[in-house]
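Chains as they are written, first to last, in the working numbering: chain C, 1 to 279; chain S, 1 to 239; chain X, 1 to 252.
Any given hint might turn out to be false.
[Claimed, not checked] Distance windows between CB atoms, simulated: (1) X:His188 x S:Ser49: 40 to 46 angstroms; (2) C:Lys147 x S:Thr63: 53 to 59 angstroms; (3) X:Glu218 x S:Val212: 33 to 39 angstroms; (4) S:Ile133 x X:Leu6: 47 to 53 angstroms; (5) X:Glu218 x C:Val100: 45 to 51 angstroms; (6) X:Phe37 x C:Asp47: 31 to 37 angstroms; (7) X:His188 x C:Asp150: 26 to 32 angstroms.
[As the list claims (entries may be wrong)] Listed next, the in silico EDC-like pairs over lysine to aspartate or glutamate satisfying Cα-Cα at most 20 angstroms (straight line): (8) C:Lys118 x X:Glu81; (9) C:Lys55 x C:Glu225; (10) C:Lys167 x X:Asp8.
In case anyone wonders, no lab produced these hints; they're calculated from the structure. All figures in this text were calculated on a predicted structure; none of them were measured in a lab. Virtual Cβ for every residue (Gly too), placed ideally from N, Cα, C.
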Amino acid sequence: MNVRTVFAAALAVAALAGGPALAKDVVIGTEGAYAPWNLSNPDGSLDGFEIELMKNVCPRAQLNCTFVTHDWDTMIESLNANKFDVILDGLSITPDRAKVIAFSIPYASTPVGFATLKDSPLANLPETGTTVTVTGDPAHDKAEVAKFLDAFKGKTIGVQTATIYTKFLDDFFGPVATIREYKTVAERDADLIAGRVDATFDDETALGASLATKGNEDMVLTGPEMAGAAWGPGIGLGLRQSDTDLKTAFDKAIKAAIDDGTVKTLSEKWFKLDVTPKQ
Amino acid sequence: MIDFSLLGFGQGGWGAWLLAGAVMTLVVTLCALFIGAVVGALVAAAKLSKRRLWRVVGDTYTTIFRGVPELLIIYLIYFGGSGAIGAFGNLFGNKGLSPPAFLVGAVGVGLISASYQAEVFRGSFMAVAAGEIEAARALGMSRLLRFRRIIVPQVWRFSLPGLGNVWQLSLKDSALISVTGLAELMRQSQVAAGSTHLYFTFYVAGGVLYLVLTALSDRAFGVAERRVARSFRGSLGRG
Amino acid sequence: MDFAFLADTMGQLLAVTPLTIELWFLCILIGGILAVFIAWGRVSGVPVVSQLCAAYVFVFRGSPLLIQMFLLYYGVAQFAEVRHSFFWPVLRDNFSCAVLSLALCTGGYTAEIWRGGLQAVPAREIEAGRAIGMSGFTLFRRIIAPIALRQALPAYSTEIVLMMKSTSLASLVTVWEVTGVAQRIISHTYRTFEVFICAGLIYLVLNFLIIRALRAVEHYVSPHLRDRPRPLLPGAPPAHAASPIALPEVPR
Chain C
1 MNVRTVFAAA LAVAALAGGP ALAKDVVIGT EGAYAPWNLS NPDGSLDGFE IELMKNVCPR
61 AQLNCTFVTH DWDTMIESLN ANKFDVILDG LSITPDRAKV IAFSIPYAST PVGFATLKDS
121 PLANLPETGT TVTVTGDPAH DKAEVAKFLD AFKGKTIGVQ TATIYTKFLD DFFGPVATIR
181 EYKTVAERDA DLIAGRVDAT FDDETALGAS LATKGNEDMV LTGPEMAGAA WGPGIGLGLR
241 QSDTDLKTAF DKAIKAAIDD GTVKTLSEKW FKLDVTPKQ
Chain S
1 MIDFSLLGFG QGGWGAWLLA GAVMTLVVTL CALFIGAVVG ALVAAAKLSK RRLWRVVGDT
61 YTTIFRGVPE LLIIYLIYFG GSGAIGAFGN LFGNKGLSPP AFLVGAVGVG LISASYQAEV
121 FRGSFMAVAA GEIEAARALG MSRLLRFRRI IVPQVWRFSL PGLGNVWQLS LKDSALISVT
181 GLAELMRQSQ VAAGSTHLYF TFYVAGGVLY LVLTALSDRA FGVAERRVAR SFRGSLGRG
Chain X
1 MDFAFLADTM GQLLAVTPLT IELWFLCILI GGILAVFIAW GRVSGVPVVS QLCAAYVFVF
61 RGSPLLIQMF LLYYGVAQFA EVRHSFFWPV LRDNFSCAVL SLALCTGGYT AEIWRGGLQA
121 VPAREIEAGR AIGMSGFTLF RRIIAPIALR QALPAYSTEI VLMMKSTSLA SLVTVWEVTG
181 VAQRIISHTY RTFEVFICAG LIYLVLNFLI IRALRAVEHY VSPHLRDRPR PLLPGAPPAH
241 AASPIALPEV PR
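Produce the entire structure from the sequences given, and follow the hints as far as they go.
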């Protein structure tokens, strides 16, 4: 019993000795499984648009940034639980989220769309290849969606859980289709290939990366690209509401990166298009 | 069906990745068991107490930890524990304090195993012959001495089979720690499977590694039980 | 204490509690029946069958339920051959896939419990049965099964409760049972603690009810272990003392 108590006590001390988050040292939480925004290489190192962007932005903000990986669906709770200091995972700025966390200014803004299998009745939806604006106004968006809503009657749509896309799907497609939520993009895509869901819904750049993954040769994009204010001002860093100095530092650095074209360059490298948010 | 080169150790092989997970599983389960032993001993003592209040406390503990799913307990400790430790840290001006996933996992599985270990310890304690305790009292041994020299050696010997079961249970419960992101075997299998899209290969590989851990533990406990059984020869220590 | 939120959360969770109960009931039923065959295979004298059943028990008791579930849901679905086989309707639907996985797992544990029950039937009871001329299925139905079930009941009660808790893992393969809906509520509201406490309470109550019900069953099947009825008046013989069989007077 003595040995065991000592062991347990030592463990507690070691845990409590984990370093505090000073203003200079910042821990960034990312998924490492949301290509091409952030991904894990086979040797475990992280790469992707956001990782490279942060490696550029952090020195500008005079911050010493380290990365840790974490599941997407508990990012916000874990940020508030001090598991890390920043969320970097294609996090869209929304009023609901702004109630519990703070955001930096957006560093990217991308359209959203569907993907399905080549031989599915949902391939080649009306409006495929065009861009449609979704403003966030329910009446306007409902009219836009109505153009291809019928095709989804009785179908199942797969989406990653806890995303803003989930709410959009629930509101507009919920009445006619079943929405299935998945913890990770990989699991959602696996179920698309397996035929458990008829289509998936995600940011177009991420869908592009899914299509390029080995094993997903039968996937195609379908339907229009939906861009606009429905997805909020864009994608930004998630921060704790109490870390105001961190927000100021990041805002300044991100603005500098946008202004001097760094974001544009990285975006063309990873997405083949420019995702700089419209100011 | 299964590409064995993927499970190897060379370039592009995930073998080392999975083995690291297996080692982590072992380590976190060991820590969990230690934590569970400490808490379990306390709960057993509470349940054996003459005071009704302690017995109620002990019973409440076992009811909660055997009635609530392990997954929920681990989630609760992961988020709730962070809140508590964060608040604790704030008291000392340490703003960013938060327990690492390892500690959360070990404490979670430990507290669950404690409810089972308490039952094992309670049964073992009641199996210690009353005559031995009376003799110790008659000899004038202090409580601490009696505990250290008479009770503990016998209780842990009687507990061994039960603890073997609890170990196996905890080994499998440790797979749930994957939801905290700790790099143990289940999570390593998940990441490898998601990364390569070869779910079958990596879940089978992970499963096989768990079976290896289970089988080895079985052997180890079997050996330990046989050794300990030597001391039971004859009167079985039961007066 | 935001009671409005708690009430709303409880409402949403209670709405899916029947699904959890359905998941649990089906897996116990299917697993229990499967376990009968596996236990039978184990105690049969045939070497190959016995070893196969032992291997089944080893695999399903030695690995975590989580990995079994993921293997059955994602792993098996990887193969086009499976997707075109007749198993696919079962494996495709997340609910039935989860039930199957839970049933296979509990099958392993329950097979051991049934086996323990079978081996606990005293040999003298079987001999007595044979002596009266019972054999085969009659012997099993009238002597072996009742005693085996009674012996197995405590261990089986534990297993039943464990299965109720294991249904929470179905949330990780997208089944919307209590834990899954709790996670979804949290992903919208970010209030982890309150929601999980509500979910935990529901499981506690469910398990409490199950344990009570099982204790009642245990009490019912073991009348021979209960206290003898006490006489109504002191000194009067107990009610059952008048035996239908005329026993010889025992000289004192």
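- Query: Against which earlier hints does the structure fall short, listed by number upward?
  - Reply: Per hint list: 6, 9 violated.
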